[in-house]
Amino acid sequence: KITILEIKSERLKNPSQLANVTQELAALRAVRLGDVDRVTLDKLGAELRRVNAELWDVEDGIRECDARGDFGQSFIDLARAVYRLNDERSRLKKAINLASGSRLVEEKSYSFYHSKGGDHP
Numbered sequence: 005k006i007t008i009l010e011i012k013s014e015r016l017k018n019p020s021q022l023a024n025v026t027q028e029l030a031a032l033r034a035v036r037l038g039d040v041d042r043v044t045l046d047k048l049g050a051e052l053r054r055v056n057a058e059l060w061d062v063e064d065g066i067r068e069c070d071a072r073g074d075f076g077q078s079f080i081d082l083a084r085a086v087y088r089l090n091d092e093r094s095r096l097k098k099a100i101n102l103a104s105g106s107r108l109v110e111e112k113s114y115s116f117y118h119s120k121g122g123d124h125p
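Add 4 to the 1-based position in the sequence shown for this note's numbering, that's all there is to it.
Read the hints as simulated data drawn from the structure, not as lab findings. Here the structure is a predicted model, which is why all the values come from computation and not from measurement. One or more of the hints may lead you astray.
[Said to hold, decoys possible] Computed cross-link-like contacts, SDA-like style, restricted to lysine to any residue with a CA-CA straight-line distance of at most 20 Å:
1) K98 x V43
2) K17 x E63
3) K47 x A103
4) K5 x E63
5) K12 x R53
6) K5 x S78
7) K97 x R53
8) K5 x T26
9) K97 x D41
10) K98 x E58
11) K5 x S94
12) K12 x Q27
13) K47 x S106
14) K98 x D64
15) K12 x A50
16) K97 x S20
17) K5 x L32
18) K5 x Q27
19) K12 x A57
20) K5 x R53
Required output: the full structure, derived from the provided sequences and hints.
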């Protein structure tokens with residue numbers, strides 16, 4: 005949640021939305037974690053922020069293709085990137101929850117896919 009709010013705080017233009025995001029981000033940052041491995045959490049958080057930013061850009065690209073009526077290879081590549089990035093995002097969020105000792109662990113269920121290129125989760 006924090007990484008998404010950080011990205012929103014950098015990209016949103018609407019002042020009222022930005023104020024809400026800033027308030028929520030401050031509240032979440034104020035939460036103290038007990039005895040946790042900060043190095044591991046910071047590393048996982050940085051990876052999650054990178055994935056979330058990439059996902060944001062990919063989704064913007066999909067919207068741009070849609071607005072142009074362009075549903076060719078670029079659109080297809082972007083659409084496929086969404087589920088790959090979501091899989092990576094889910095893996096990182098679970099790792100963060102486990103590393104922080106959270107009792108709240110988000111579970112996801114997706115159909116297994118296997119790309120022709122052989123890369124899969």
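Structure-based check of all given hints:
1. K98 x V43: It holds: about 16 Å lies between the C-alpha atoms, which stays within 20 Å.
2. K17 x E63: holds (18 Å)
3. K47 x A103: holds (11 Å)
4. K5 x E63: holds (18 Å)
5. K12 x R53: holds (11 Å)
6. K5 x S78: violated (29 Å)
7. K97 x R53: Within the cut-off at roughly 11 Å; holds.
8. K5 x T26: holds (12 Å)
9. K97 x D41: holds (15 Å)
10. K98 x E58: holds (19 Å)
11. K5 x S94: Satisfied, since the Cα-Cα distance of roughly 12 Å is no more than 20 Å.
12. K12 x Q27: holds (12 Å)
13. K47 x S106: holds (17 Å)
14. K98 x D64: Roughly 25 Å between the alpha carbons, so the hint for K98 and D64 is violated.
15. K12 x A50: holds (15 Å)
16. K97 x S20: Given that 20 Å is the threshold and the Cα spacing comes to 28 Å, the pair is violated.
17. K5 x L32: Since the Cα atoms of K5 and L32 sit roughly 8 Å apart, the hinted pair holds (cutoff 20 Å).
18. K5 x Q27: With a Cα-Cα distance of about 13 Å, the restraint between K5 and Q27 holds, given a limit of 20 Å.
19. K12 x A57: holds (9 Å)
20. K5 x R53: Holds, because 10 Å separates the two Cα atoms, which is no more than 20 Å.
Violation of the numbered hints given earlier is confined to hints 6, 14 and 16; the remaining hints are satisfied by the structure.
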